[in-house]
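What follows is the residue order along each chain.
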Amino acid sequence: AQSVTQLDSQVPVFEEAPVELRCNYSSSVSVYLFWYVQYPNQGLQLLLKYLSGSTLVKGINGFEAEFNKSQTSFHLRKPSVHISDTAEYFCAVSERVGNTPLVFGKGTRLSVIA
Amino acid sequence: DAGVIQSPRHEVTEMGQEVTLRCKPISGHDYLFWYRQTMMRGLELLIYFNNNVPIDDSGMPEDRFSAKMPNASFSTLKIQPSEPRDSAVYFCASSPYLRGRDSPLHFGNGTRLTVT
Numbered sequence: 001a002q003s004v005t006q007l008d009s010q011v012p013v014f015e016e017a018p019v020e021l022r023c024n025y026s027s028s029v030s031v032y033l034f035w036y037v038q039y040p041n042q043g044l045q046l047l048l049k050y051l052s053g054s055t056l057v058k059g060i061n062g063f064e065a066e067f068n069k070s071q072t073s074f075h076l077r078k079p080s081v082h083i084s085d086t087a088e089y090f091c092a093v094s095e096r097v098g099n100t101p102l103v104f105g106k107g108t109r110l111s112v113i114a
Numbered sequence: 001d002a003g004v005i006q007s008p009r010h011e012v013t014e015m016g017q018e019v020t021l022r023c024k025p026i027s028g029h030d031y032l033f034w035y036r037q038t039m040m041r042g043l044e045l046l047i048y049f050n051n052n053v054p055i056d057d058s059g060m061p062e063d064r065f066s067a068k069m070p071n072a073s074f075s076t077l078k079i080q081p082s083e084p085r086d087s088a089v090y091f092c093a094s095s096p097y098l099r100g101r102d103s104p105l106h107f108g109n110g111t112r113l114t115v116t
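Just so you know, the protein sequences line up as chains A and B, in that order.
Everything in the first sequence is counted per this note's numbering, starting at 1 for the first residue and increasing by one.
Everything in the second sequence is counted per this note's numbering, starting at 1 for the first residue and increasing by one.
Isolated chain A (complex conformation) (with noise of 0.2 Å):
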């Protein structure tokens, strides 16, 4: 089975300055891997997956992820934050083949200081 691990549940930053929030994943297959936002109250919604082809992927925001099949890695940056990127951000896998749906990961809050 898939899983997900984010390796920091809470990252401060300054606004204008650069963030990466890391996603490292386990799976014996082939996998899309998904980095979702979560603004506060309410659901989540996509920033961006990685399905095939070129291993950097651009997503909504200004976020950008790269996919790194040897480090098992989907890292997310951007390379200068806003006060609205306040929010928690989860890494998601699922396997290509198969029956299983999304794995989230534990999610990491992201605080843009002024």
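There may be inaccurate statements among the hints.
Stated by the list, open to error - The calculated lysine-lysine pairs, modelled on DSS-like cross-linking and capped at a C-alpha distance of 30 Å, are: (1) K24(B) - K49(A); (2) K106(A) - K68(B); (3) K58(A) - K68(B); (4) K78(B) - K106(A); (5) K58(A) - K69(A); (6) K68(B) - K78(B); (7) K69(A) - K106(A); (8) K49(A) - K69(A); (9) K106(A) - K58(A); (10) K49(A) - K106(A); (11) K78(A) - K106(A).
If you are wondering where the hints come from, they were derived from the structure by calculation, not from laboratory data.
Got chain A; can you put chain B on it based on the hints?
Relative to the frame of chain A, chain B by itself:
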């Protein structure tokens, strides 16, 4: 498209009482998921349905929890009797597909449950 609709948004109840959480998925979505979010355990999948049929309920914590989907437009999650450790935010999500490859999961805004 109104999105996934959950009710109530907040529920405060006393230990031992029955709690029913409700969800209306997006029309045409064949999959419906119930998740629980806590600080300690993050986002846990409790149960999911395909075409109104429960497929995997291995995440349901114990017999006090039950979920039903009587038709394609309505699902309930019931806790009876409720306990303080059930306090959490409960999310419902729907999708046309199981794994989100071609379409993401669409989440409701959640129900914040507090059991005193």
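Evaluation of the provided hints:
1. K24(B) - K49(A): 26 Å, holds
2. K106(A) - K68(B): 26 Å, holds
3. K58(A) - K68(B): 38 Å, violated
4. K78(B) - K106(A): 24 Å, holds
5. K58(A) - K69(A): Given that 30 Å is the threshold and the Cα spacing comes to 17 Å, the pair holds.
6. K68(B) - K78(B): Roughly 8 Å between the alpha carbons, so the hint for K68(B) and K78(B) holds.
7. K69(A) - K106(A): Holds. K69(A) to K106(A) sits at ~21 Å (cutoff 30 Å).
8. K49(A) - K69(A): Within the cut-off at roughly 15 Å; holds.
9. K106(A) - K58(A): 22 Å, holds
10. K49(A) - K106(A): 18 Å, holds
11. K78(A) - K106(A): 20 Å, holds
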